[in-house]
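Required output: the full structure, derived from the provided sequences and hints.
In order, the protein sequence lines correspond to chains F and H.
Residues 0 to 340, numbered by numbering that gives the first Met the number 0, are exactly what the first sequence covers, in order.
Residues 0 to 576, numbered by numbering that gives the first Met the number 0, are exactly what the second sequence covers, in order.
I should point out that these hints are in silico values taken from the structure, not numbers from a laboratory.
Ideal placement from N, C-alpha and C gives every residue a C-beta, glycine not left out.
Any given hint might turn out to be false.
Claimed, not checked - Chain F side only, calculated, beta carbon under 7 Å to chain H, not exhaustive: (1) ALA115; (2) ASN153; (3) ASP155; (4) ALA176; (5) ARG237; (6) ASN272; (7) SER278.
Said to hold, decoys possible - Label-pair ranges, simulated between beta-carbon atoms: (8) H:ARG34 - F:PRO117: 12 to 22 Å; (9) H:LEU350 - F:GLY60: 16 to 26 Å; (10) F:SER280 - H:PHE449: 23 to 33 Å; (11) F:PRO188 - H:GLY464: 45 to 55 Å.
As the list claims (entries may be wrong) - Pulled from the structure, derived: some chain F residues nowhere near chain H, Cβ distances all over 12 Å: (12) ALA55; (13) GLY70; (14) GLY103; (15) ILE175; (16) PRO177; (17) GLY205; (18) GLY273; (19) ASP281.
Spelled out, the chains give:
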Amino acid sequence: MKLTTKEQERLQTRELNRRDFLKRIGYASALALATGGLGLALYDPKGPAPAEGQKALTGLGDFSRRAMAPGQAKMAIIRGTDRAVMVERGVKALGGMESFIGKGDRVLIKVNAAFATPASLGATTHPETLAAVAGLCFKAGAAQVLVTDNPINNPDSCFEITGLAGAARAAGARVIAPRPALFAPVSLPGAKLLQNWPVMAGAFTGVTKVIVVSPVKDHQRAGASMTLKNYYGFLGGRRNVFHQDINGIITELSQLLKPTLCVLDGTVSMMTNGPTGGSLSDLKDTGTMVVATDPVAADAVGVELLGRTLADVPYILMAEKAGAGQADYRRLNPVLLNTSA
Amino acid sequence: MRIVTVRRISQIFFLVIFLWFCVTATLGANWWQLRGWPINWILDLDPLTFLATVLATGTLYASLTWALVVIGLTLFVGRFFCGFACPLGTINQATGWVARRGLNLAGRMEANRHRRLQSLKYYFLAFLLALAWMGSVQTGIIDPLPLLHRSVNLALFPLADNGLGALSDEPRAYASAWLIGVVFLGVVGLNLVLPRFFCRFICPLGALFGLLGRFSPWRIGKTEDNCGDCQICEHYCEGACRPSGTFIGGECVLCMNCMNRCPAGRVTFAGFPSAAGEVGLPDLSRRGFIVAGAGLLVASMWEVGGLAGAGRDPGLIRPPGALDEGRFLARCIRCGQCMRICPGNIIQPALLEAGVQGLWTPAVNYRIGRSGCQPNCIACGQVCPTAAIRPLSLDEKQGTGDFAAQGPIRMGTAFVDRGRCLPWAMDRPCLVCQELCPVSPKAIFTRTGFEAIRDGEALQARVEGSGVDLEAAIPAGANLASGDYYLRPAGQPEAALRRITGVSGTRLTLERPLAADGLAADKARVDIVVRLARPFVDAARCIGCGMCEHECPVSGRRAIRVYSENESRSRSGRMLI
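Okay, here's the thing in structure tokens:
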């Protein structure tokens, strides 16, 4: 190594440079202190916890209409074939959309967009039904209408191919496709399954009303897939593990949120091969639309459309027991309408 | 405008549209997504892909005819593509330029000196063409255009976008992206050793251009030999092609720097030979080509291995419409377009799953991504530039319309692993696979059985109507009130089952009272049984789409898995008669 002239001089004179020496002492001490301090600051005598703790939500919220006028209908069952007309007449029978949606409301519509199959195959919420509901929301003064689901197939494919994205665009609603940032863990009080489980909470930011719009489908494991099963689409993670206790999870899902309104579209029902379908021969014209504030009652009607009984679909009675609604829908005195007449 | 300005504008243009087409290679309905954008245009311009697939298949696939335009132009003016168009060349040139800013002239001259090893790329080319002639197209591994597409598609874009979420809502995953990225970083990093290192020493496409331009009537040259000794032309020569001395035509990438910088204006691009002498190609030795010709031998040995086709990996699932393995390897250039476009993110670059010949070829992995192969999607075949994956119509994929007689495209067959399946091995109801089978009627069907659960047999109980008090503890680990559990009198397998609807302490509530035949109410013995619908696969219906495998809740090694048996693309894989 080459020495500088100054260093050479110093070497020759063997002069002790006090200032240089003190400077070095200073640097070394400062570094020693910093290292020691950092060590103390990061000191962890216990070691890591078995799992990372996260602050969990306790649910997605209660969006049900608070004040019901006395004698106001909670449910309408509409016969017919034109989805838009049936939805409109049904909502009107319940007091009109204005009695659910106020000016400036931000409405989240939960559709079933599970599969990237065309609407004609009936595996997903029909775009006409979505369009009708979204249109009524805007008419009632909603500031924004959001449409969401966490589907099984690629979300963009699902929303496009089912026609739901197109219907949303045409109505002025916005599709919220799932992305990792939307999910947050939920721990439902008293629940056995929904503990520290990711749900699509981010879609609910600023949301004041929730409408669930679902098709009526066969489902071997659950008995039927309608409104309550549609809540499955709020879940993230490897949610299929819950199929081991399908009735248990759907019952817990019925406690995850209380929707403002439920629309169950049984204009065409998937009788077999559900919930995927895939063929027109799996479908049957059942000509019925249910508009209700009660998801359990709505599903109880759907079960009949599929030609089944409540014993075939245990989660309906379980959800009733949990307080999600009324399985004996007739006790709600549903308004019966026929739009084809 | 100076010619180098034109060159730079052209380079930026091609780099920008390359990146733009990579962006638009996104499935979706937005204007910036796959809506007729010619996303393969840069790949289509590639004469090496053209030549290799023509050698391997004897045909020229559709849009690859674009390569003829490039070949035609190269025949007349030389390696214009390297200097004016190649996006990887542009990246190399820019990196080399940044790395050598402030370098003195002697250093520059040393960096741009012609080196004998520049001949290597011609041997690589010979080797790859020999393989292609034997039916194994391996050009894509180091051909700059597929290499760059692959790097951007599978490593760089996912890296950039996974936090951003601009191109896809959910992060994209690609197995062995690290290796693809490291190769790209290596190619770019080599520019720190010498400028345009890859272009000069490795690029088989550049070598092909060099050969094609062998008789180009127009080329760089000096108007007089005696031009002093400034050698400024050598300082900035991108191709290391010796413009001041005996010019090597095949090495010139037409960067035009020599012409631009010559203080005396003695360097021209013209239709006569350089006054200082010229050769068409660098020194190529016979030995080099003999070694390269060993490619024939290597491919032949692969053929020997290929005869052991029966031992192929049954886990290798190719995308729908993929040709049978032999014809597939005669076309695939590993550009990664199918992997980028797949909405499920299940088409993955193979590392060794497809054998040595199949490095980075598309292999379907149903454990990754969003879902199995969506029945309504035909994107991969539509974007494949070489038809290694045939462009299917929806009708052909689904076996409808004109294709009703031949049935749907099958990618393989699902097999239930009864040792891992919850209802088969663990007495737990599940049935996710059956639920998600998209075939109608479903290819997965069930047979239902009732099994007494562990510690649930012959339990002593007191029966009061539909209430049953167990005298033993309730077996742990199952939610008996979930609707899947039933009670029946012990020792009477034929007796009617009663669903358990409630559990409180040791008291079970039943849907209906037990059938009381010979049942002592206060000293009954009962079995707790679980209803198990167990999945079976109807192989004649299964299309191997992998929806079941993807969604199986046994998340590590799935309890239902798709293997290549019965895949449409190969006769040897046929299973059913």
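Hint check:
Taken as an interface hint, ALA115 of chain F checks out: its beta carbon lies about 5 Å from the nearest beta carbon of chain H, inside 7 Å. Restraint check, ASN153 of chain F versus chain H: the minimum CB separation of about 4 Å is within 7 Å; hint holds. Interface restraint check for ASP155 of chain F: the shortest CB-CB distance to chain H comes to about 5 Å, inside 7 Å, so the restraint holds. The beta carbon of ALA176 of chain F is positioned within 7 Å of a beta carbon in chain H (closest approach about 5 Å), and the interface hint is therefore held.
For ARG237 of chain F, the interface hint holds, since its Cβ comes within 7 Å of a Cβ in chain H; the closest pair sits about 6 Å apart. The closest approach between the C-beta of ASN272 of chain F and any C-beta of chain H is roughly 5 Å, which is under the 7 Å cut-off, so the hint is satisfied. Taking 7 Å as the C-beta cut-off, the interface hint given for SER278 of chain F holds, the closest approach to chain H being about 4 Å. Checked against the given bound of 12 to 22 Å, the beta carbons of ARG34 of chain H and PRO117 of chain F, roughly 19 Å apart, stay inside it.
At roughly 46 Å, the beta carbons of LEU350 of chain H and GLY60 of chain F sit outside the given window of 16 to 26 Å. About 31 Å separates the C-beta atoms of SER280 of chain F and PHE449 of chain H, a value consistent with the hinted range of 23 to 33 Å. Distance hint check for PRO188 of chain F and GLY464 of chain H: the Cβ-Cβ separation is about 33 Å, which falls outside the suggested range of 45 to 55 Å. Non-interface status of ALA55 of chain F relative to chain H is upheld: no Cβ of that chain comes within 12 Å, the nearest being about 21 Å off.
Taking the minimum C-beta to C-beta distance to chain H, about 34 Å, the non-interface status of GLY70 of chain F holds against the 12 Å cut. Even its closest Cβ contact with chain H, about 28 Å, leaves GLY103 of chain F beyond 12 Å, as expected for a residue assigned away from the interface. Distance to chain H contradicts ILE175 of chain F as a non-interface residue, since its nearest Cβ pair spans about 10 Å, not more than 12 Å. For PRO177 of chain F, the non-interface assignment is contradicted: its Cβ lies about 7 Å from the closest Cβ of chain H, within the 12 Å cut-off.
Annotated as non-interface, GLY205 of chain F keeps its C-beta farther than 12 Å from every C-beta of chain H; the closest such distance is 20 Å. Not every beta carbon of chain H lies more than 12 Å from that of GLY273 of chain F, the smallest distance being close to 8 Å; the non-interface claim is violated. Here ASP281 of chain F does not stay apart from chain H, with its beta-carbon only about 6 Å from theirs, under the 12 Å limit.
Of the hints listed earlier, those the structure fails to meet are numbers 9, 11, 15, 16, 18 and 19, in rising order.
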